[in-house]
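Place chain B on chain A using the hints.
Here the protein sequences come in this chain order: A and B. Residue 157 is where the first sequence starts when you use the numbering used here, and the numbers rise one by one after that. Residue 157 is where the second sequence starts when you use the numbering used here, and the numbers rise one by one after that.
Read the hints as simulated data drawn from the structure, not as lab findings. Note that CB positions come from ideal geometry on N, CA and C, so glycine has one too. Please note: incorrect hints may appear among the correct ones.
Stated by the list, open to error - Label-pair ranges, simulated between beta-carbon atoms:
(1) Ser259/A - Ala409/B: 31 to 37 Å
(2) Gly411/A - Arg214/B: 55 to 61 Å
(3) Asp412/A - Leu285/B: 48 to 54 Å
(4) Arg478/A - Ala270/B: 15 to 21 Å
(5) Glu209/B - Asn390/A: 39 to 45 Å
(6) Asp412/A - Tyr388/B: 42 to 48 Å
(7) Met177/B - Ser475/A: 32 to 38 Å
Unchecked claim - Once the Cα atoms are required to be at most 30 Å apart in a straight line, the calculated DSS-like pairs of lysine-lysine come out as:
(8) Lys268/B - Lys158/B
(9) Lys268/B - Lys221/B
(10) Lys251/B - Lys370/A
(11) Lys158/B - Lys158/A
(12) Lys370/B - Lys325/A
(13) Lys158/A - Lys268/A
Protein chains: 2
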Amino acid sequence: MKTRITELLGIDTPIVCGGMMRVGTADLAAAASNAGALGVMTALTQPTLEGLEAEIARCQSLTDKPFAVNLTVGVVASEINYDDYVDVIVNSGVKIVETAGRSPEPFMERFKAAGIKVVHKCVAVRHALKAERIGVDVVSIDGFECAGHPGEQDVGGLVLFPAATQALKIPVLASGGIADGRGLAAALALGCEGINMGTRFLVTKEAPIHEGIKQKVVEMDENQTRLIFRSYRNTARVYRNSVADQVAEIEAAGGDFSEVHGLVSGANQEKAWSTGDIDAGMVTVGMCGGLINDIPSCKELVETIVSDAERIINERLASIAR
Amino acid sequence: MKTRITELLGIDTPIVCGGMMRVGTADLAAAASNAGALGVMTALTQPTLEGLEAEIARCQSLTDKPFAVNLTVGVVASEINYDDYVDVIVNSGVKIVETAGRSPEPFMERFKAAGIKVVHKCVAVRHALKAERIGVDVVSIDGFECAGHPGEQDVGGLVLFPAATQALKIPVLASGGIADGRGLAAALALGCEGINMGTRFLVTKEAPIHEGIKQKVVEMDENQTRLIFRSYRNTARVYRNSVADQVAEIEAAGGDFSEVHGLVSGANQEKAWSTGDIDAGMVTVGMCGGLINDIPSCKELVETIVSDAERIINERLASIAR
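Here chain A stands alone, though its shape is the one from the complex:
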């Protein structure tokens, strides 16, 4: 399957593995890339610059295919020196970067000088247009259905994707709510040049999380997520577990972020991922978990999605539109 995005990024299929905090290790990124998708390592999953350098080298040793490094610049203040992370990425020989959170404008000159292609993830057409103006190569637009941060405007992919593709000249990745070949075919129909999937790649053999969490996603339906942090203007879609319900209650009672901070700590999230206890912490998954019913390898997953999308296009749609 060829699109403007497969050509631009040098990948075999128009499928990108979403950059996932704590999950986007070299192992998952390399598995996704070896399967013909674009694997994405998350820079901040590594606690130190040296760790990131080593993890990128490890990913390079695991695959000869292109992969990307995600750099999410938080919207809340932090002590992270992003410039140092950019230096490590630029010096590593990585050829594709996925940025998210704040605008990548401060780093664009260095990325471009290094010949790096930039995929910027954002949640609104206005931000996508700005990204295009500052020279990013691809926009990954995240609809309301996505896991993690959908923004505050709540526009579903069905409307957001065509709104973005008609506004932009650069190619667009559809992100959020997509887990299979039906979603890929729909995204292409809406004008996108590929798809970005997080939750779906989370439920693969290679994803470095406990089997118990994968099983919970297989069992969930489309109503098993909820939005939290809306009162902090930093809305997040997460699995509807006891932690999410407690956070929602605290927010409803007017509690500020300090009151939920402990509940949603990275340590608790890590505990859920690593022990499989779905109630140990906040678990970031999207509503397309309701469409996921198996735990394939990345290779099986990518092959199935592409062949399903091709069959939908060449048989079902062609017979309807003939």
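Here is chain B on its own, set in the frame of chain A:
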């Protein structure tokens, strides 16, 4: 374009004009049906049973094509005797009914005895499965993006449509967030057999509302709607005007429905529709208004959507999937 739904309902295209209160007159329904879509008259737009009888007869005089009558059974108590409306519909010779709101179970026997095909509109897979069990012929499933009442689960069409089509044996209409050929092609890719569009048919030459409102939809973007009535468990998506903002403020302050009742009265809604004053009352439109840029006739609209969808399928998608 042929699908299970065009065959079942005897229509030329897999496009249904959404049943819209105050807008679904014989004029719009007949125009949509004459254009090859399924026009839908709304029963409760007529204040009396005699009025409905006359309006159905008028629609029959305006078109030889199939059209449907929508019967929305309110979730809030009312003085309407729905059985009487069912009698009028059954005796009118109408061959298709669209039900919405509560389950059509109490009326199914009479509809079936009269040879009427029933399309039931609902917002959750669970309700769709129940509708299938009680014998409805088609489910029209309304995603989060829709105008009016999306329910309380907030599942976008991108996830809800495939979840519904994989759960049901009867054919499914995709509703909410669709306004063009891209949306039709995407809905078909997601397993649906057609689309239901309200906002898009509202912005046609034949829709019996003031030109000023149509123009406002042409000008709006995808962020120009908001949800109200969530605190009353009767969430509605409406145009984000001063009335919607006032209602939202009252709800945020804990005000009960009696405090917003006057603002959202039918008389005020009617005033907005008829005078074109966008702030005169609650204006029910969906976020796909952001994808609407013209005011075609129903015939032009249906032709454009079908030819766009066919071109997307036969050219764009076929070249990607070859």
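Now the hints, each set against the structure:
| no. | hint | verdict |
| --- | --- | --- |
| 1 | Ser259/A - Ala409/B: 31 to 37 Å | holds (36 Å) |
| 2 | Gly411/A - Arg214/B: 55 to 61 Å | holds (58 Å) |
| 3 | Asp412/A - Leu285/B: 48 to 54 Å | violated (42 Å) |
| 4 | Arg478/A - Ala270/B: 15 to 21 Å | violated (35 Å) |
| 5 | Glu209/B - Asn390/A: 39 to 45 Å | violated (55 Å) |
| 6 | Asp412/A - Tyr388/B: 42 to 48 Å | violated (27 Å) |
| 7 | Met177/B - Ser475/A: 32 to 38 Å | holds (37 Å) |
| 8 | Lys268/B - Lys158/B | holds (25 Å) |
| 9 | Lys268/B - Lys221/B | holds (20 Å) |
| 10 | Lys251/B - Lys370/A | violated (48 Å) |
| 11 | Lys158/B - Lys158/A | holds (29 Å) |
| 12 | Lys370/B - Lys325/A | holds (28 Å) |
| 13 | Lys158/A - Lys268/A | holds (25 Å) |
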